[in-house]
Amino acid sequence: MEWRRKYERERKRRYRARKALEQQQQLVASPANIAEQSQSQARRRRLKDMASWLLSSSKVPETERKKLMNQVHRNRRLIDVLLRWVHLSIGPTPQDGTPWLHSTLLGDPEARQCGYRWLTDRVFHSAIAEHATTSNVRDFAVATMHADDWDFACLGLEHHHQVTVLGSVEQLATWLWGDIVASERPNGSLAEAIEGDATFQYQRVTNPRQKKTLLMLTRRYAIASRVVVVYVYIRDDECIPRHANEFRPHGFGWTVLQEIAPDVTLCRTHTLQLAPLTFNQAAEMFGIPAQPSRECIWTQMIQHAQNGVEKQGDWLVDQFNNRLRIQERRVSVQDG
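When we follow my numbering, the leftmost residue of the sequence shown carries the number 4, and every step to the right adds one.
Take the hints with a grain of salt, since some may be wrong.
Beta-carbon label-pair distances, calculated as ranges [stated by the list, open to error]:
#1 Ser171 - Glu39: 27 to 35 Å
#2 His163 - Trp88: 20 to 28 Å
#3 Asp321 - Leu50: 28 to 36 Å
#4 Ile243 - Leu71: 52 to 60 Å
#5 Asp83 - Asn139: 34 to 42 Å
#6 Gln74 - Val184: 24 to 32 Å
#7 Cys117 - Thr302: 40 to 48 Å
#8 Pro244 - Gln322: 30 to 38 Å
#9 Asp182 - Asp83: 35 to 43 Å
#10 Gln42 - Arg8: 48 to 56 Å
No lab work stands behind these hints, which were simulated from the structure alone.
All C-beta atoms in this analysis are idealised placements derived from N, C-alpha and C, irrespective of residue type, glycine included.
Model the full assembly from the supplied sequences, consistent with the hints where possible.
Written out as structure tokens, the structure reads:
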């Protein structure tokens, strides 16, 4: 019986030791458990309060939400009506098969002045309409060549360019207008002023390399927080008749300078030049030698056009930045 008593004493001793260890571990872990339980209860209370608030708020402003949605729908309908009204008031677009209506100037002095205003105003309203429906502000440069699907004849060249510049709208508009009225262009073209004033110019622009002549109307419009410069390329002018082999594109374009923050300006440009050319004439204009495949030549022409748009955009940004740096140095010298 002695061995049984020893066994029981040893078993009870191990049991007491195990219980003491468990109690010690519980005492050590209890502060962390209490903190965790408190945090869990606090989270549950916050979630419960949030759920109650959402439930109550979802019931109360239902009529207010309907009222706001009706206002949004009314504003959208109003914008659509105004856009349709503007489109009807400025006439059809240049792609409607009557390019003479949008690219012709008469010789009569009074009709000529009306033509200056009508041609530039319709492009201005088109620019405002497109700008109002576009929310994209990222930088990009895209060139598109319009062609006849049958024989690859080049119908025109269109490009879009957008960039954000660190400068005020007034500064950039002044510099842009100065470049427009300058007699020499960065691409080697020469501009001759025919008529104009502080906000309007009619110029003959010649490009000897491309053997191209542009008769260009340019007008500047200043409205709230933005400046719009429009371009109209004239095909027929009774006072300046075309020569037999003269290449004279027609079309339109604009540059919108929009203030998006103090001294931060979004510069958006869209240009479309329409000039029916044969495939060989278009390749010659881009300086592309003859290739066995028309698809290969067409790809090169598109690449040339894209490179030209990107270079033109880079040059414009560089000019703006250089002038800003010069102006900052002048201001710092004056302040010093």
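Tested hints:
Under the hint 27 to 35 Å, the C-beta atoms of Ser171 and Glu39, about 57 Å apart, miss the expected range. A C-beta distance of roughly 26 Å is found between His163 and Trp88, which places it inside the suggested range of 20 to 28 Å. For Asp321 and Leu50, the Cβ-Cβ distance of about 56 Å falls outside the hinted range of 28 to 36 Å, so the restraint is violated. Distance hint for Ile243 and Leu71: a CB-CB separation of about 56 Å, consistent with the stated range 52 to 60 Å.
For Asp83 paired with Asn139, a C-beta distance near 20 Å fails the hint of 34 to 42 Å. In this structure the supplied range 24 to 32 Å is violated for Gln74 paired with Val184, their Cβ-Cβ distance being about 45 Å. At roughly 44 Å, the beta carbons of Cys117 and Thr302 sit within the given window of 40 to 48 Å. Here the CB-CB span from Pro244 to Gln322 is close to 35 Å, well matched to the stated 30 to 38 Å.
Take Asp182 and Asp83: their Cβ atoms lie about 37 Å apart, and the range 35 to 43 Å holds. Against the hinted window of 48 to 56 Å, the Cβ-Cβ separation of Gln42 and Arg8 comes to about 51 Å, which satisfies the hint.
Of the numbered hints stated above, those contradicted by the structure are hints 1, 3, 5, 6, listed in ascending order.
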